[in-house]
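Engineer: Here is what each chain is made of, one letter per residue.
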Amino acid sequence: MTSTPNFNRADSAVRIVSLYPDLLGTYGDGGNALVLSRRLEWRGIAVEHISVDAGAPIPDSADLYLVGGGEDGPQVQAARELELSQGLHRAVDKGAVVLAICAGMQILGHRFPDATGTSRGGLGLLDCETVRVNRPRAVGELLTTNARLTTTHGLIELGPLTGFENHAGRTVPGSNGVSLGSVEVGEGNGDSSEGVVTGTVVGTYLHGPALARNPRLADALLEWIVGPTAMTPLDDGDVNALRAERIHAAQEHELAPRRSWRDILRRS
Amino acid sequence: MTAAPAPAPASGQTVKIRPRARLAVLAGRTVAWASRVVHFGTGSVIGGRVSLLIDPNLLAELTRSRDVAVISATNGKTTTTKLLSVALGSRQPVVSNWLGANMTPGIVAALAPSNATDTAVLEVDERWVDSVLRATNASTVVLLNLSRDQLDRTQEVRKLAEQWRTALAATPPRTVIANADDPLVTWAALAAPNVTWIATGQEWTADAAGCPACSGRIDFVGTEWACTSCDLKRPPVDVVVEDETISINGRNFHSPLALPGRVNRVNAAFALAASTAMGTDLDAAFDALDDVAEVAGRYRVTEFGDVNIRLLLAKNPAGWHEALELLEGPSTPLVIAINARIADGHDPSWLWDVDYERVGNRLVIAIGERRHDLAVRFRYGNITHCVADSLEDALNLVRESPDFDPTVPVDVASNYTAFQDHLEKVGGVL
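Going line by line, the protein sequences match chains A and B. Per our numbering, the very first residue in the first sequence carries number 3; after that it's consecutive. Per our numbering, the very first residue in the second sequence carries number 20; after that it's consecutive.
One thing to keep in mind: the hints can contain errors.
[As the list claims (entries may be wrong)] Covered, in the sense of this in silico footprint (three residues per stretch, anywhere, with C-beta under 8 Å from a C-beta of chain B), are these stretches of chain A:
#, segment
1, 35-47
2, 178-189
3, 204-214
Hint data in this document are derived by calculation from the structure and do not stem from the laboratory. The C-beta atom is built at its ideal place from N, Cα and C for all residues, glycine as well.
Could you put together the complete structure from these sequences and hints?
Structural biologist: Take a look at the structure:
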């Protein structure tokens, strides 16, 4: 039997739920929960994090929900179980913040394609629709400029968003779906915009541990919950070095750093 | 197609090779030689490609008169190929590609110079199992594990399991040696008529939560696992690896191997089971395994600059899960190197699936082309770390550390191309 995960209810703690890591967590998605937890802990803010596997009841009392990326089959199963549970819907109604990555963003929209390309109903928590397009999978560095997020505390500038993308769909935002930013390098939604935001639900094609490279996006999500005064500055020296390197790599279209002929022969 | 392969002729018997195949081999070796002369690499892959252009059926031709074993997996295939070669080699001439490339061109290049009846022990890339089985009619197939690896370019692991399953049904080997604790491998191997199941105690199960047979959920309880929706469950096991002991055919082997770690006892168990299936005496095989101290540079302890280092290889989360067993405990500084070239996969997101926190309270120095990705992973893991630009710089930092102990080799754990770079610095494959 699957146990019912739940919180210890330390009243002041920020409560974070990773949804279905058994189905949606192929690409290091667990990193986002770690990044958020540490950025709270380093500021002296208590945090409780739980993971809820598919089939288990979803607590609707958390502050922040993380929905990861995944392969086509598990993506369909996750959509089915989330629809059945309605736990995430209830949490969003209560104002919880959601970060949905890649396949997670697709299933949170109105419709998404399954492994065969057939369109399936999504959760409708993001005002967007994903369709299959006839082009090679978008795999590579994704760089987004002018990224911003409007929260209850106002507009937050996110700076450039940097990450990796690996997906086949094209996502079309609806009238209540605001994009996160404009694509400078890569594919993103497919119409030179990247990501979809509807209310407190944020979706992005920056896949896997997206928050590892984008501390301002991580802090914007947290600020939504704890307010701007709690967001004291942190030492992001390591992250800034990585961001500088990856932004440069994306701008130089340097997907394969120093790919040598010997490499190509070895494993071509 | 029958399950049993044609019996291999006794060693030394003359075997006729078609003129076209002979020409293909000659052309391949000439191109490989030319490639070596201009320092382009070992030339085995390009030579094999040229050979296959001339004779597309060359692999079938070269294995017509041999007993063939095929080894495939996400992790451990090179080591197990080496171990099985050594185990069989105690009794018979063996040819293997354990030092070279593991797709058809590399395999052809490895087989071409050998006697046509030598037993072939072939490491095969996960995606090439189907075509290699069809060409070789391998008598013995060893399937170690399947897990996420190079996500930006390889197929979903589930699809690989499906390919293996189809291949085993189409070309049934006499014996399959398979991991009973990996649901993906189990499901694939169940398509074969005769399977020796190994209880590996595999701890990495993150890629097998979804049932490969029905997309239901797999529950892991104690050592057992079963699908909650269909009949797929852990099969009754024949060989057990537990703590320091390998139990096989009613015998228990306790003595330690020269290769370190739990994962190598598992690799050895597969090699023992396969060599037994291929007719080698168990004691002779086990004695032979004890002499293997490194495999293509993996686990080598050597001096670099004036520091003793130990080279370790881990390419993906499941591989790191096993490698971290060797990195737990000591407080001496440690070097970790990550690249993201084509052979590594361009997307190192998987660093966040690795429990690097297990290294404990010690200094870790991040190097390699993706050292900044590592540093961020370490930062969020609260792991004491710094970044260096090269192995030489990293070892200088190690020497300056108050925790440096010159009597203990410094572990340098790397992913694929970073490992190759380090191996070249210490003299290459011996």
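Engineer: Let me make sure I understand: some of the numbered hints might not hold for this structure. Which ones are they, in numerical order?
Structural biologist: 2
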